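Visitor: This is what each chain is made of:
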Amino acid sequence: MTGRRGLVALATCAICAGSGCSSMGVEPWERGVLAKPEMQLVVDPLEAGIDDHIYFSKEASSGGRGFGGGGCGCN
Amino acid sequence: MGATDGGREPGSGQFVQRLAAATCSLLGIGSTVPVLAQEEPTWALDTSFLYYGESDERVQDLSLNVLARRLFADDKVLSFGLVYDSLTGASPSGAIPLNEVQTFTRPSGNDVYTVQPGELPLDDTFLDTRYALTATWQQPLGRLYTGSVGLSFSTEYDYTHAGLNFGITRDFNTRNTPLSLGAAIARDEIDPEGGAPLPLAPMGNIGDLSARRPGTEDKDVVDLLIGVTQVVNEHLLVQVNYSLSDSSGYLNDPYKILTVVDPATGEGIARVPAPGTAGPLHEYRFESRPDQRTKHSLFVQGKYYMGGKVLDVSWRYMTDDWEIDSHTLEAKLRWPLGDRGWVEPHLRFYTQTEAEFYRPSLPVGELPEFASADYRLAPFDAWTAGLKYGFRTASGNEAGIRLEYYRQDGSVPDGLLIGNQDGDALSPELDAVILTVSYGFDL
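Line by line, the protein sequences give chains A and B.
Position 34 (the first sequence) corresponds to 34 in this note's numbering; numbering is contiguous.
Position 29 (the second sequence) corresponds to 29 in this note's numbering; numbering is contiguous.
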């Protein structure tokens, strides 16, 4: 069951990257807003790292945004 | 720290884009902005101080975090991260409150501690210092690819981690659709105080380490990630990641125990320590988890720009072969204040189901293959609410302060309760305050 969910997610990514989303997007000169620091997917890497570490220590889930590996005896 | 506010004039636009790309690489995800050339190498430093404090004298953490990034000409980026954590306080041992005084042997086997009737047993020997180091190198590979390789290492009193990670991003659709692949491997070594307890071994008297396995235990973790980011229009960006994480080896928490109870009443089973020594006054067993766990995560994030304000919304679904399912919903809204400042309210909701082998106590005479009373494997909901204020200094550096409140609320399902046990009393509530102060600057 979980393997099937993974495959669906993989297929979605592949289709999107390949062609499905090619009608979206902007031209290079339209990237003014997207290039702003506050529009980056991770605005603050230190804060993201701190939060990941806290929730990794207190909950059964980790990762998603990036690697969920571990590196801590707290879980 | 976002560190990289456009205030680092002039040329800061390029700087920002380079850092954004480097940041995404560090996290194993794709960036939507091209890395641009920089004539002179520069250092960008982000620093952050964290106070994390739980109520009821539970865990307190003081943490210093530094991220240093060296930006070279020809779009190459070298990054170093350093984290120092100082942990004190107490953590729930897994044992349940009883109507009598409880005595536990400390993990070292050298001493005992006592918990009063009706109180949640906390192991108060939790004291640790942790150092973590990361190093990452990122560079373009031809016109459309960016590659990265990184190392991670961390050490604390009874735990050592060493890891290696790789990432590659290819741009599609005139850089509107970057596709990222990442892989990480890690080997962690655990050297529990007093040795690793044998699975479901009874807690012994002072000096009795016969049910412990001396030496170190280890754990291997493999992470794979595939992610695609799509620029939808000038104001909207969407990312979808699928990740797989496989852990094998020693996955127990060597300090977590279960209370052995009467199958009819749910009360503890009295125990008499051997004459002339001290030990537990009730029966407890150390936990036992499977030695393998596979997690699948689907993560979706959207960023939407609304006339100066930025809405950041994400959802994560996680499922694993321990039968834990979780959902995490998160939203941040960055709201500009004047020319240099901004505020950002933050809400997070988390919910998880229990592991199939989670049980708050163990009926006497019953020895399943796997059992754990760790509250992190229990069913619960959690909320975070917080507010951040950030501003750019006159010199173009960026400072921020963030205060958040975190609350966990759970209740043991009726099916797992025995006799007269009360589901709410067996679920430790958790309240915590998270305070971060951050500052980013260039050298």
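Hints listed in this document are in silico derivations from the structure and should not be mistaken for laboratory results.
One should not assume that every hint holds.
[Unchecked claim] Here are the simulated lysine to any residue pairs, SDA-like style, with alpha carbons at most 20 Å apart:
hint : chain 1 : residue 1 : chain 2 : residue 2
1    : A       : LYS36     : B       : GLY302
2    : A       : LYS36     : B       : ASP442
3    : A       : LYS36     : B       : TYR405
4    : A       : LYS36     : B       : LEU329
5    : A       : LYS36     : B       : ASN397
6    : A       : LYS36     : B       : TYR305
7    : B       : LYS388    : B       : THR351
8    : A       : LYS36     : B       : TYR439
9    : A       : LYS36     : B       : TRP335
10   : A       : LYS36     : B       : LEU64
11   : B       : LYS332    : B       : MET306
12   : A       : LYS36     : B       : ARG392
13   : B       : LYS309    : B       : GLU330
14   : A       : LYS36     : B       : MET306
15   : A       : LYS36     : B       : THR174
16   : B       : LYS309    : A       : ARG31
17   : B       : LYS388    : A       : TYR55
18   : B       : LYS388    : B       : ILE418
19   : A       : LYS36     : B       : VAL313
20   : B       : LYS309    : A       : VAL33
21   : A       : LYS36     : B       : LEU333
22   : A       : LYS36     : B       : TYR304
23   : B       : LYS332    : B       : LEU403
24   : B       : LYS219    : B       : GLU193
25   : A       : LYS36     : B       : ALA264
26   : A       : LYS36     : B       : THR277
27   : A       : LYS36     : B       : GLY308
28   : A       : LYS36     : B       : ASP218
29   : A       : LYS36     : B       : GLU193
30   : A       : LYS36     : B       : LEU403
31   : A       : LYS36     : B       : LEU417
32   : B       : LYS388    : B       : THR174
33   : B       : LYS309    : A       : GLU30
34   : B       : LYS76     : B       : VAL112
35   : A       : LYS36     : B       : GLY194
36   : B       : LYS219    : A       : ARG31
37   : B       : LYS332    : A       : GLU30
38   : B       : LYS388    : B       : GLY266
39   : A       : LYS36     : B       : LYS219
Predicted model, so just to flag it, every value in this text is computed and none were measured.
Visitor: Work down the list of hints and note, for each, if the structure agrees.
Guide: Hints and how they fare:
1. Note on LYS36 (chain A) and GLY302 (chain B): the hinted pairing holds, with a Cα-Cα distance of about 15 Å set against a maximum of 20 Å.
2. Distance check on the hinted pair: LYS36 (chain A) and ASP442 (chain B) sit about 18 Å apart at the alpha-carbon level, within 20 Å; holds.
3. With a CA separation close to 29 Å, the supplied pair LYS36 (chain A) and TYR405 (chain B) exceeds the 20 Å bound.
4. With a CA separation close to 24 Å, the supplied pair LYS36 (chain A) and LEU329 (chain B) exceeds the 20 Å bound.
5. The straight-line distance between the Cα atoms of LYS36 (chain A) and ASN397 (chain B) is roughly 16 Å, inside the 20 Å bound, and the hint therefore holds.
6. For the hint linking LYS36 (chain A) to TYR305 (chain B), the alpha-carbon distance of about 10 Å falls within 20 Å, and the restraint holds.
7. Straight-line distance between C-alpha atoms of LYS388 (chain B) and THR351 (chain B) comes to about 24 Å, which puts the hinted pair past the 20 Å bound.
8. A distance of roughly 19 Å separates the Cα atoms of LYS36 (chain A) and TYR439 (chain B); the hinted pair therefore holds under the 20 Å criterion.
9. With a C-alpha separation of about 14 Å, the suggested pair LYS36 (chain A) and TRP335 (chain B) falls inside the 20 Å cut-off, and the hint holds.
10. With a C-alpha separation of about 27 Å, the suggested pairing of LYS36 (chain A) with LEU64 (chain B) is violated against the 20 Å cut-off.
11. Our distance criterion of 20 Å between C-alpha atoms is met by LYS332 (chain B) and MET306 (chain B), whose separation comes to about 13 Å.
12. Annotation: proposed proximity of LYS36 (chain A) to ARG392 (chain B) holds, straight-line Cα distance about 15 Å (limit 20 Å).
13. About 17 Å separates the Cα atoms of LYS309 (chain B) and GLU330 (chain B), which keeps this hinted pair within 20 Å; it holds.
14. As the CA atoms of LYS36 (chain A) and MET306 (chain B) are separated by approximately 13 Å, the hinted pair is consistent with the 20 Å bound.
15. Between LYS36 (chain A) and THR174 (chain B), the direct Cα distance comes to roughly 19 Å. Compliance with the 20 Å bound is thereby established for this hinted pair.
16. Restraint check: the Cα-Cα separation between LYS309 (chain B) and ARG31 (chain A) comes to about 16 Å, which is no more than 20 Å; the hinted pair holds.
17. Using a Cα cut-off of 20 Å, the hinted pair LYS388 (chain B) and TYR55 (chain A) holds, with the two alpha carbons roughly 18 Å apart.
18. Annotation: proposed proximity of LYS388 (chain B) to ILE418 (chain B) is violated, straight-line Cα distance about 45 Å (limit 20 Å).
19. Distance check on the hinted pair: LYS36 (chain A) and VAL313 (chain B) sit about 17 Å apart at the alpha-carbon level, within 20 Å; holds.
20. Restraint check for LYS309 (chain B) and VAL33 (chain A): satisfied, since their Cα atoms lie roughly 11 Å apart, inside the 20 Å limit.
21. Proximity of LYS36 (chain A) to LEU333 (chain B) is assessed by CA-CA distance (about 15 Å); at most 20 Å being required, the pair is judged to hold.
22. With a CA separation close to 12 Å, the supplied pair LYS36 (chain A) and TYR304 (chain B) stays within the 20 Å bound.
23. Restraint check for LYS332 (chain B) and LEU403 (chain B): the C-alpha separation of about 14 Å stays at or below 20 Å, so the hint holds.
24. Simply put, LYS219 (chain B) and GLU193 (chain B) have alpha-carbon atoms about 17 Å apart, close enough for the 20 Å limit, and the pair holds.
25. Taken as a hint, the LYS36 (chain A) and ALA264 (chain B) pair is broken in the structure, with Cα atoms around 63 Å apart against an allowance of 20 Å.
26. With a CA separation close to 67 Å, the supplied pair LYS36 (chain A) and THR277 (chain B) exceeds the 20 Å bound.
27. Note on LYS36 (chain A) and GLY308 (chain B): the hinted pairing holds, with a Cα-Cα distance of about 10 Å set against a maximum of 20 Å.
28. For a cut-off of 20 Å, the pair hint linking LYS36 (chain A) to ASP218 (chain B) is broken: about 43 Å separates their Cα positions.
29. For the proposed pair LYS36 (chain A) and GLU193 (chain B), the alpha carbon gap of about 49 Å is over 20 Å, so the pair is violated.
30. The hinted pair formed by LYS36 (chain A) and LEU403 (chain B) fails the criterion: a straight-line CA distance of about 25 Å is larger than 20 Å.
31. With a C-alpha separation of about 53 Å, the suggested pair LYS36 (chain A) and LEU417 (chain B) falls outside the 20 Å cut-off, and the hint is violated.
32. At roughly 35 Å between alpha-carbon atoms, LYS388 (chain B) and THR174 (chain B) are farther apart than 20 Å, so this suggested pair is violated.
33. For the given pair, LYS309 (chain B) sits about 18 Å from GLU30 (chain A) by alpha-carbon distance, which is consistent with the 20 Å threshold.
34. For the hint pairing LYS76 (chain B) with VAL112 (chain B), the CA-to-CA distance comes to about 55 Å; that exceeds 20 Å, so the pair is violated.
35. Restraint check for LYS36 (chain A) and GLY194 (chain B): the C-alpha separation of about 53 Å exceeds 20 Å, so the hint is violated.
36. A C-alpha spacing of about 44 Å is found between LYS219 (chain B) and ARG31 (chain A), which places the hinted pair above 20 Å, so the restraint is violated.
37. Restraint check: the Cα-Cα separation between LYS332 (chain B) and GLU30 (chain A) comes to about 25 Å, which exceeds 20 Å; the hinted pair is violated.
38. Proximity of LYS388 (chain B) to GLY266 (chain B) is assessed by CA-CA distance (about 46 Å); at most 20 Å being required, the pair is judged violated.
39. Distance check on the hinted pair: LYS36 (chain A) and LYS219 (chain B) sit about 41 Å apart at the alpha-carbon level, beyond 20 Å; violated.
Consistency with the previously given hints fails for numbers 3, 4, 7, 10, 18, 25, 26, 28, 29, 30, 31, 32, 34, 35, 36, 37, 38, 39, ordered from lowest to highest.
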